[in-house]
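Colleague: Heads up: the protein sequence lines correspond to chains A and U, in order. So the first sequence is numbered by our numbering: it starts at 1 and just counts up by one. So the second sequence is numbered by our numbering: it starts at 315 and just counts up by one.
The hints are simulated quantities; they were obtained by calculation from the structure and are not laboratory data.
Some chain A residues flagged as far from chain U (calculated, every beta-carbon gap over 12 Å):
| # | residue |
| --- | --- |
| 1 | Ala9 |
| 2 | Ala30 |
| 3 | Val32 |
| 4 | Leu34 |
| 5 | Gln46 |
| 6 | Leu85 |
| 7 | Ala88 |
| 8 | Lys110 |
| 9 | Phe115 |
| 10 | Trp124 |
| 11 | Val213 |
| 12 | Ile225 |
| 13 | Ile233 |
| 14 | Trp244 |
| 15 | Val290 |
Stretch by stretch, here's where chain A covers chain U in the computed footprint (C-beta under 8 Å, at least three residues):
| # | stretch |
| --- | --- |
| 16 | 351 to 363 |
| 17 | 386 to 396 |
| 18 | 528 to 537 |
| 19 | 669 to 679 |
| 20 | 688 to 697 |
The structure presented is a predicted model; accordingly, all values stated were derived computationally and were not measured. Each residue gets a CB set at the ideal place from its N, CA and C atoms; glycine is no exception.
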Amino acid sequence: MPLGTRAGAFVRRHRLAPYLLLAPALAGIALVLLWPLAQVLIFSFQNYGLPQITGAAPTQWVGQANFAATLADPEFWLSLRITVLFAAVAVPLTLIAGTVVGLLLNRLGKKMAAFVSTAALLAWATPPVSASVLFYWLFNPDGGLVDWTLSKLPHALVGSTDWAGFNWTTTGALQAYTVLTMLVVWQAFPFIAVTTLAGLKTVPAELYEAARVDGAGPWRVFWKITYPLLKPIFLVLLLLSVIWDFNVFTQTYILTGFPGNRDEFNLALYMYDKAFGFPPSYGLGGALAVIFTVILLVITVGYVRSSVRQGALT
Amino acid sequence: MGASVPSQVTWMNGVVGQFHAKFPQFKSTKVVVDWIPWGNRTTDWTNALTSGKGGPDITELGNTDTPGVAAQGALANVTAQVKSWPSGADLIAGNLANDTIGTTSYAVPWFGGVRGIWYRKDQFARAGLTSAPTTWAQLVSDAKLLMKKYPGTYGLGAPSNYTNAIVSFIWGAGGQVAVSQGGKWVAELNSPQSEAGIRFYADLYLTEHVSPAKYIGQTELGAPGATSGGSDEDFAKGTLDMYIDGPWAQASLTQVSTKYKADWASFPIPSENGPSPAPAFAGGSDLGVWARSQNKTAAWDLVTVMDSPANATTFANSQGFFPEFTSQLSSGVYTSSPILAGFAKAAGFTQISPLNSKNWGVADATDAIIPTMMKALMQGANFAATVDKANTELQNVLNTGSE
Chain A
1 MPLGTRAGAF VRRHRLAPYL LLAPALAGIA LVLLWPLAQV LIFSFQNYGL
51 PQITGAAPTQ WVGQANFAAT LADPEFWLSL RITVLFAAVA VPLTLIAGTV
101 VGLLLNRLGK KMAAFVSTAA LLAWATPPVS ASVLFYWLFN PDGGLVDWTL
151 SKLPHALVGS TDWAGFNWTT TGALQAYTVL TMLVVWQAFP FIAVTTLAGL
201 KTVPAELYEA ARVDGAGPWR VFWKITYPLL KPIFLVLLLL SVIWDFNVFT
251 QTYILTGFPG NRDEFNLALY MYDKAFGFPP SYGLGGALAV IFTVILLVIT
301 VGYVRSSVRQ GALT
Chain U
315 MGASVPSQVT WMNGVVGQFH AKFPQFKSTK VVVDWIPWGN RTTDWTNALT
365 SGKGGPDITE LGNTDTPGVA AQGALANVTA QVKSWPSGAD LIAGNLANDT
415 IGTTSYAVPW FGGVRGIWYR KDQFARAGLT SAPTTWAQLV SDAKLLMKKY
465 PGTYGLGAPS NYTNAIVSFI WGAGGQVAVS QGGKWVAELN SPQSEAGIRF
515 YADLYLTEHV SPAKYIGQTE LGAPGATSGG SDEDFAKGTL DMYIDGPWAQ
565 ASLTQVSTKY KADWASFPIP SENGPSPAPA FAGGSDLGVW ARSQNKTAAW
615 DLVTVMDSPA NATTFANSQG FFPEFTSQLS SGVYTSSPIL AGFAKAAGFT
665 QISPLNSKNW GVADATDAII PTMMKALMQG ANFAATVDKA NTELQNVLNT
715 GSE
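Okay, chain A solo, but in the shape it has when bound (with noise of 0.2 Å):
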């Protein structure tokens, strides 16, 4: 028998062809995921920074000192709650903003679903640095649109503070995070929007011509019809809201002044000015990078397993 008959039938006898279909992904992954991981679960116990990089000083094994300093840290816990605030609020609000404007969609005319659409998508495809200096300049206590709006309006309607030289970005973190709660919702909508409407259209009309027949209102409709149907659509896009609100780094870099205030810091800030700021401490960003992703891997494994368990994700 020759070789290449002989090495066919003992991947038949084995059945390993698809795991050797897998394998050239799987080194793709190892290559340019697993190995960075294991780099910084690595770094997270080492003192590894600049001097260890030039050969200056030597890189030691400093066990989980580099946990505990942040763990010890008043500003990881200040981050960490305004992270978790920020997501308390931006994820429900990106959710029924966009299962409203999912469920319009559906009931508009061919011409005007495709005009709100692409309204809406035109928000989603806009690059996070142009929204984040968009919103900058609305709200921009020099003269930003938003600012000087509100100081023409009387001061019955929007009280008597000093409008027209209000600073939204710099002055305090609830301040900056209403800015960035409306700049992340509204690039955040139409993805779940669109998502809803994809959901909607396998909906067989029949249901809610018979809900409608038996005298349902549309609150009705929604929540014993469409909801138990799409549940499995919506816990989805709860989930990656939730890891997507607890990651936004652009446009919070940029509109509370590029690491500069640091009562302003979300995770992603502080991450990043712990890892990056001069002296960097590659360590310490390590370290944070780990219990970041074991946060949400909590999150995750959460949703998951609760979902499982109600037969939604099968």
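Following the hints, position chain U against chain A.
Modeller: Below, chain U alone, put in the same frame as chain A:
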């Protein structure tokens, strides 16, 4: 500092010509100059160090950067070269000491500058103010008077993220940021004198209302990282009556507006009770040779041409800075210009410690301890608790590693 302006390029081209003439062995050495925005400098150093490539032969450094960057192993030891350089002895001794860790010199001072308070002669005249304030009480009453005479303006800008001005108020009340005792740093932000300075600065916004809310979270140049919309622009536009900055701001003020340029003038930051001004932070820039440079000899020789008393003075003058040579500073050139006179006076009362300690870069540029404290105070946080917290943080950071 910053991306280049034409006068800098002209000056640098002249320096390179002199370098080639003076050092014939480097006649055919090509000198490449990268003008980088000031805010990018630490990122660029980090990238050069981590990649091991693209590092400079010579770099400009802010004088508060030098100790920290040297501690990262980035700068070459130039102790012997400074000693054998004839002009080295004429350098302002305190500023050279700033570039020296132990007995090793890592850079040489290139130009210096101090902050003072910019004001407008026409506004002072119309308000009936005949002399510059020399106490805090006068400063505040002048600011309020100007606001009354010029409705819609603010009296004196007090951005929260502005350590280099805030320290002048701490020092101006007789306080210290931190003092070195037996090889350890002891932070003194919560001494009664320091607290008086911190409180005065915070109250410029909180109780005196001479500074607007929008400067909270801003540097003197606006939101950190941004290049527009700060107290400098407001002063140039005429919506802020007095603002704290150095003489180097003239170039950027002129870019915003030249409407009031003829009336611009300066006075030193007053101390709490006068009559001498508050000590000003002795800012400035240094020149260092990169540790990994392949051309250290040529690099040092070029430094000596860039930093020759004549060339350094020309450069400093064109950019609104002061030269770092005692012989040049004592000439009468500076006292005759209205803009420079106040700054020249302030230059006689300077302090740099602890802003030249090895960990100051981390304490201020990275951890932003004083800006974060001042911002919290301006947001209405409890005074004693906030200052105590900053004081503890500062002492921890300053004592990190071995000094």
